[in-house]
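J.: The primary structure of each chain is shown beneath.
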Amino acid sequence: MNMIKRFKVSFSKIFNKLFKKKGACIGIYGPPNAGKTTLSNRILRDWVGSEETMGSVSHIAHETRHAKRRNGLIIETNGHTISLDIVDTPGLATKIDFHDFMEQGMSDSESKKRSKEATEGVIEAVKWLDDLDGVILVMDSTENPYTQVNVTVIGNMEARNLPLLIVANKVDLPDADPGVIKEAFPQHPMVPVSALEGMGMDSFYEALAKQFG
Amino acid sequence: MQGIQLDLISEARISQMASMEKVRYIIDEVRKGKILVLEKGLNPMEEAKLIEMTMSAIQPDVFSGIEMQSYPANAESSLLGKLFKKQNSKRLTVIGPANQLKTLKKDRNLISALVSASK
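Protein chains in written order, with this note's numbering: chain P, 1 to 213; chain C, 1001 to 1119.
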């Protein structure tokens, strides 16, 4: 990012703080099956309190094939109130093979259709990077964190000088090791959670307010 | 003779290209079945563009995407660098067809890859 653009971003941040801009737009990113939609649904359940969800989840990768935006979420934590727009994005990937869907029991035509939709979803997720005020990067804490998707998302946020919060998800699983994620990317805040079980969500909301409030 | 072509691309060569030119060059070469090792990797925006354009190029049974691995950028430690948020420079990057290149292990300073001739 050139210096003029960086000054513009910094000025915009100061301006937004001074005039309490509402509804910073935060994207939820990560590789397929890291738990992005589960986390989005958990946030809605905690702060909207209705049956509203961001999307359906499944063990088959690329269940979310279109970005979904929920505006005006009000989150209160530790005496702070923040308003956010949340965008649940399709899982980022560098490869999509329809044979992988067939191995999950889908028919040939279903698999090809899903593969096509998944590739469109990744394109959409990449395009959203240009329109965000920050990112929640969801990682599976049972997996190696040094994936190209993680490196690319973190690099983009750093280059754009935008805030990032790393969520080490699935800490309820026996193989989970959120410490490895913290060690891999020590320059960014990280919170360990289980979006499925609701573990660590209070710390997550505190970190959310601190990072994006 | 059947084999796999491995192209080691110098920083000088890749830096002569504009961003879109780099991305198109990489996709074209990888679709031919080549494995590319870039002495200096792409910047984060170029990496995102490469992912986006790779998705547009995917075709069932023909091209299923790329395997790409680069190291995380070194965090800027100098005061001036921090003040001016000097662009993190990428380090070596390996890119190849997803059906031929598989990453076995990766950490902050090591990429271990298996290259297979079978398609």
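Calculated directly from the structure, the hints in this document are not laboratory data. Virtual Cβ for every residue (Gly too), placed ideally from N, Cα, C. Among the hints, a few may not be true.
As the list claims (entries may be wrong) - Where chain C lies over chain P, by a calculated footprint (3+ residues, C-beta under 8 angstroms): (1) 43-51; (2) 55-63; (3) 108-121; (4) 169-175.
To be verified - Dumping the calculated BS3-like pairs for lysine-lysine here, alpha-carbon to alpha-carbon at most 27 angstroms: (5) C:Lys-1022 to C:Lys-1032; (6) C:Lys-1105 to P:Lys-182; (7) P:Lys-113 to C:Lys-1105; (8) P:Lys-112 to P:Lys-127; (9) P:Lys-210 to P:Lys-113; (10) P:Lys-112 to C:Lys-1040; (11) P:Lys-182 to C:Lys-1022; (12) C:Lys-1105 to C:Lys-1040; (13) P:Lys-127 to C:Lys-1040; (14) C:Lys-1022 to C:Lys-1040; (15) P:Lys-127 to C:Lys-1049; (16) P:Lys-182 to C:Lys-1032; (17) C:Lys-1040 to C:Lys-1102; (18) C:Lys-1032 to C:Lys-1049; (19) P:Lys-112 to C:Lys-1106; (20) C:Lys-1049 to C:Lys-1022; (21) C:Lys-1034 to P:Lys-182; (22) P:Lys-182 to P:Lys-210; (23) C:Lys-1102 to C:Lys-1049; (24) P:Lys-112 to C:Lys-1034; (25) P:Lys-182 to C:Lys-1106; (26) P:Lys-113 to C:Lys-1102; (27) P:Lys-113 to C:Lys-1032; (28) C:Lys-1049 to P:Lys-113; (29) C:Lys-1049 to C:Lys-1105; (30) C:Lys-1034 to C:Lys-1102; (31) C:Lys-1022 to P:Lys-127; (32) P:Lys-68 to P:Lys-116; (33) P:Lys-116 to C:Lys-1040; (34) P:Lys-116 to P:Lys-127; (35) C:Lys-1049 to P:Lys-68; (36) C:Lys-1106 to C:Lys-1022; (37) C:Lys-1049 to P:Lys-116; (38) P:Lys-127 to P:Lys-68; (39) C:Lys-1032 to P:Lys-112; (40) P:Lys-68 to C:Lys-1032.
J.: Is Lys-68 of chain P within 27 angstroms of Lys-116 of chain P, Cα to Cα?
T.: Roughly 18 angstroms separates the two Cα atoms, so the pair holds.
J.: Against the 27 angstroms threshold, does the CA-CA distance of Lys-182 of chain P and Lys-1106 of chain C hold or violate the hint?
T.: Roughly 16 angstroms between the alpha carbons, so the hint for Lys-182 of chain P and Lys-1106 of chain C holds.
J.: Straight-line Cα separation of Lys-1022 of chain C and Lys-1032 of chain C no greater than 27 angstroms?
T.: Holds, at about 16 angstroms.
J.: Would the hint linking Lys-182 of chain P and Lys-210 of chain P be met if the CA-CA limit is 27 angstroms?
T.: 18 angstroms, holds
J.: Below or equal to 27 angstroms on CA atoms is what counts here, so check Lys-116 of chain P against Lys-127 of chain P.
T.: 17 angstroms, holds
J.: Under the criterion that the straight-line Cα-Cα distance not exceed 27 angstroms, is the pair Lys-127 of chain P, Lys-1040 of chain C satisfied?
T.: 25 angstroms, holds
J.: CA of Lys-1022 of chain C to CA of Lys-1040 of chain C, is that 27 angstroms or under?
T.: 12 angstroms, holds
J.: Are Lys-112 of chain P and Lys-1106 of chain C close enough, with their CA atoms no more than 27 angstroms apart?
T.: Since the Cα atoms of Lys-112 of chain P and Lys-1106 of chain C sit roughly 30 angstroms apart, the hinted pair is violated (cutoff 27 angstroms).
J.: For the pair supplied as a hint, Lys-210 of chain P and Lys-113 of chain P, is the alpha-carbon distance within the 27 angstroms limit?
T.: 41 angstroms, violated
J.: Holds or violated: are the alpha carbons of Lys-113 of chain P and Lys-1102 of chain C at most 27 angstroms from each other?
T.: 25 angstroms, holds
J.: Need the status of pair Lys-1049 of chain C, Lys-1022 of chain C: alpha-carbon distance at most 27 angstroms?
T.: Distance of about 10 angstroms is within 27 angstroms: holds.
J.: Given the hint that Lys-1106 of chain C pairs with Lys-1022 of chain C, test it: the Cα-Cα distance must not exceed 27 angstroms.
T.: Within the cut-off at roughly 24 angstroms; holds.
In this structure, the hints that do not hold are numbers 1, 2, 4, 7, 9, 10, 11, 16, 19, 21, 33 and 40, in rising order.
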